[in-house]
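K.L.:
Each chain, written out:
Protein chains: 2
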Amino acid sequence: MILPNWLTKRAELSPNRIAIIEDEKEYTFAQLLNDVEILSGRLSTLGLKKGDHVALALRNTYDSVVMIHAMQSLGIVMVLLNTRLTAREMAWQMEDSNSKFFIYDELFADKAQQLETISSIINTLTLTELKTLPSGSINLLSEFDLNDIHTIIYTSGTTGNPKGVMLTNGNHWWSATGSVLNLGLDVQDRWLACLPLFHVSGLSILMRSVIYGISIVLHEGFEPKKVNLAIEKQNVTIISVVSVMLQRMIDELGEDQYPSSLRCVLLGGGPAPKPLLEECMDKDIPVFQTYGMTETASQIVTLAPEYMLTKLGSAGKPLFPSQLRIEKDSKEADANAIGEIVVKGPNVTSGYYQRVDKTKEVLKDGWLYTGDLGYLDQDGFLFVVDRRNDLIISGGENIYPAEIESVLMGYPTVKEAGVTGISHEKWGQVPIAFVVLESGHLASEQELKDFCEQHLARYKIPQRFYMIDELPRNASNKLLRRKLLELIPNAIQEQ
Amino acid sequence: MILPNWLTKRAELSPNRIAIIEDEKEYTFAQLLNDVEILSGRLSTLGLKKGDHVALALRNTYDSVVMIHAMQSLGIVMVLLNTRLTAREMAWQMEDSNSKFFIYDELFADKAQQLETISSIINTLTLTELKTLPSGSINLLSEFDLNDIHTIIYTSGTTGNPKGVMLTNGNHWWSATGSVLNLGLDVQDRWLACLPLFHVSGLSILMRSVIYGISIVLHEGFEPKKVNLAIEKQNVTIISVVSVMLQRMIDELGEDQYPSSLRCVLLGGGPAPKPLLEECMDKDIPVFQTYGMTETASQIVTLAPEYMLTKLGSAGKPLFPSQLRIEKDSKEADANAIGEIVVKGPNVTSGYYQRVDKTKEVLKDGWLYTGDLGYLDQDGFLFVVDRRNDLIISGGENIYPAEIESVLMGYPTVKEAGVTGISHEKWGQVPIAFVVLESGHLASEQELKDFCEQHLARYKIPQRFYMIDELPRNASNKLLRRKLLELIPNAIQEQ
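From first to last, the protein sequence lines are chains U and V. Residue 1 is where the first sequence starts when you use this note's numbering, and the numbers rise one by one after that. Residue 1 is where the second sequence starts when you use this note's numbering, and the numbers rise one by one after that.
Source of the hints: derived by calculation from the structure; they are not laboratory data. You can take every hint at face value.
Identical copies carry no separate label here, and so any pair may be met within one copy or between two of them.
With a cut-off of at most 30 Å between alpha-carbon atoms, the simulated DSS-like pairs for lysine-lysine come out as follows:
| id | residue 1 | residue 2 |
| --- | --- | --- |
| 1 | K358 | K415 |
| 2 | K50 | K331 |
| 3 | K49 | K100 |
| 4 | K274 | K328 |
| 5 | K364 | K49 |
| 6 | K49 | K331 |
| 7 | K483 | K449 |
Here the structure is a predicted model, which is why all the values come from computation and not from measurement.
With the sequences and hints as input, model every part of the structure.
P.N.:
Rendered as structure tokens:
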């Protein structure tokens, strides 16, 4: 399926509409296209061609928006790096994704420097360096093939190494279409983006902006006060957040109320605590709970406005282009019975980059086996019970226990490791580790922490380490992570 | 590309929203689905299977809406007959389209009776007869393939015989998507459908209703007073009309104004007279001029709201998923230069049913050569100068001169015939005919009119007949229809 280049099309249809608002500065779609053309001209001197992979470490800035659109307009596959990763983690993803270049924001210069010592990727460039390049020919694609890969975003899972989720132009298109058929669209809409652009939750806002022709209020990070001010003063109509952010926004709001111009708070990133939802109800905040993941190019299930009150705590129903069923013992489960959440739709990834086996494991006949547990109530509303594969969600970031365990097991005196999440007031959850040492050896908590810091992004580092004699396992020797928490009293006694 | 069944999906997402309002009666999406299931059960006893063709002669009623959705849900290709056609014309389309059944509204019983005497299609059924059938098994498709044919709608052209435009589920989907990205979407939207459901302009409203989840206010015919009352009292937000209808609405409105709830008057069916547009401006009527045709599954070019005033008379720019260029001498024309309008997009038909040659003639590399003339101004806005192939547009109905000429030439004493349109106060245009008789023979105007009535729908019958000695032709003997009008004074003298 062929569509015109989204950005050139949008600039043709509504050149004077505001595309991006960054602090006090406003950029129209015509300006955005112009800046994308200039950048593309410079990028063309690097010898990059359609289909090449380029790793990016970007902040939430207008320059990053220009970069993302330039890449799409050149048909270059973006490997969007979580900028909180360590240099080692970034290097791994770059190599795994066969990235030819690494382009980064100056803010991450330290990491880039470390990276050069450990990685074979030598083509690195900063955004500022790019601006000094001469201008080559400008050859934006006039058309986008919906089957072409747009992004590779890494996500972990039950195995130690992250996998690169491939998202096509079409995945992003259909995600945007599914969303608009649920949320509606007004020419005055403004979407506040304070989630990172390297996450699909932030990236999808960029895609919607050009497809819908609406403005983005772009925040570099999440500051509750700044967000509340934007909602109050800048006519923000929609905002995407995770629970921990929404809680902080409400705390900051105090006794005040949001203006009625705020018509949708899209709440993703894991099941929302009921007290938070109730607080929102009391304050007339229009919360739309959603369920989604990188593999579905953001939301795939969203609670429609008319059910906000009667189905509190539900993630809603699958968006118009998508389908969902609950599977239990390889059969479709009855209403209210818990099973695995299985989804299908044109927004669903075609698989993991160069991981045929992993792809086959989770994608069957077009259906994606999410590993998440949930049920459909008698009216067909989804309730997510537990995120997949012991996933820990900390402040909206996904943390996969297996990845941390794999790092810990790399420490010389560690024999086995098990990681799970515990509740945390501010972040929702944080990881904690259980470690079995080689017999006759010792390791201090600090040593393990230091080791993790070399290999893992800060948010993944376990907040506590418990030394134990044996991990809980089932008959087939599979680690029972959910049983780890039961060990805590004993572990404390042992320490 | 696979999507869930649109109607079952819509009934799952928003069962209690109003789908159809017919006079005082309201039907929710849940009721609509229920009625579609009942009808499908009955249809299944006829032995119809997915991919079969069924010809339909329907009025704008709730029953027709149920029929159209039932057909789509069974995967049956609908051949939508213009109910103003003669029995002979209908029979031709049914045979050409290989229709297995003919299902019609009782109102057209006379035509059906005539039809049985001239056609080999023996499987005819009325909507009422269908209701007496026993209920068989209900097997709605759970998914729609966007590549499957949904509708065949006949349109004529430069040659005498009409051609069946094939429209897929995908053509309708993308048409709806393109429209929503231009017009926006509100959960409170209500679209008034007073254009016939057998035209793509009316049919597309049905498609949008289930895809968007919005209500249709369904009118059986066009009565300006009833339409104005609905706009005033029933919160209609969008209405699709052609110029002659809009003029009558405004005349009927008199000194009154439309409420602000009416946010879009989608004006199609040929270039709009400037005085009408100016009158709408004076009265603050939000007119969205559009350009489209059966082959593009309705609008493909629409004027965005922000240009309504500054680009008066323009049809706008191609919708987000579509592209357009002006071709002159096989090259892209400069700004302001008149040439053929050529369009591309996922809403464009894949061709004419069993007319490979005709299809190849107009579809090249995915681009549809419309035969219409127009230009793009310096800002890229389309101005349609002249409809294709001497097309006559009379009250929103397309009339192809070649079709009428071909009928006239079937009259024993007629040697040659040429047909063109003249301006008409009420209908925009009406056809008139120029006839060359076999030498030494005579034919009266009344005889020719009577003959036409046997073969042509009433709106196609020439309003005047001029007997002349010779038709204007070019060097290669091609009829120059545009020169016919110059003959009128002479013709009158000759009579």
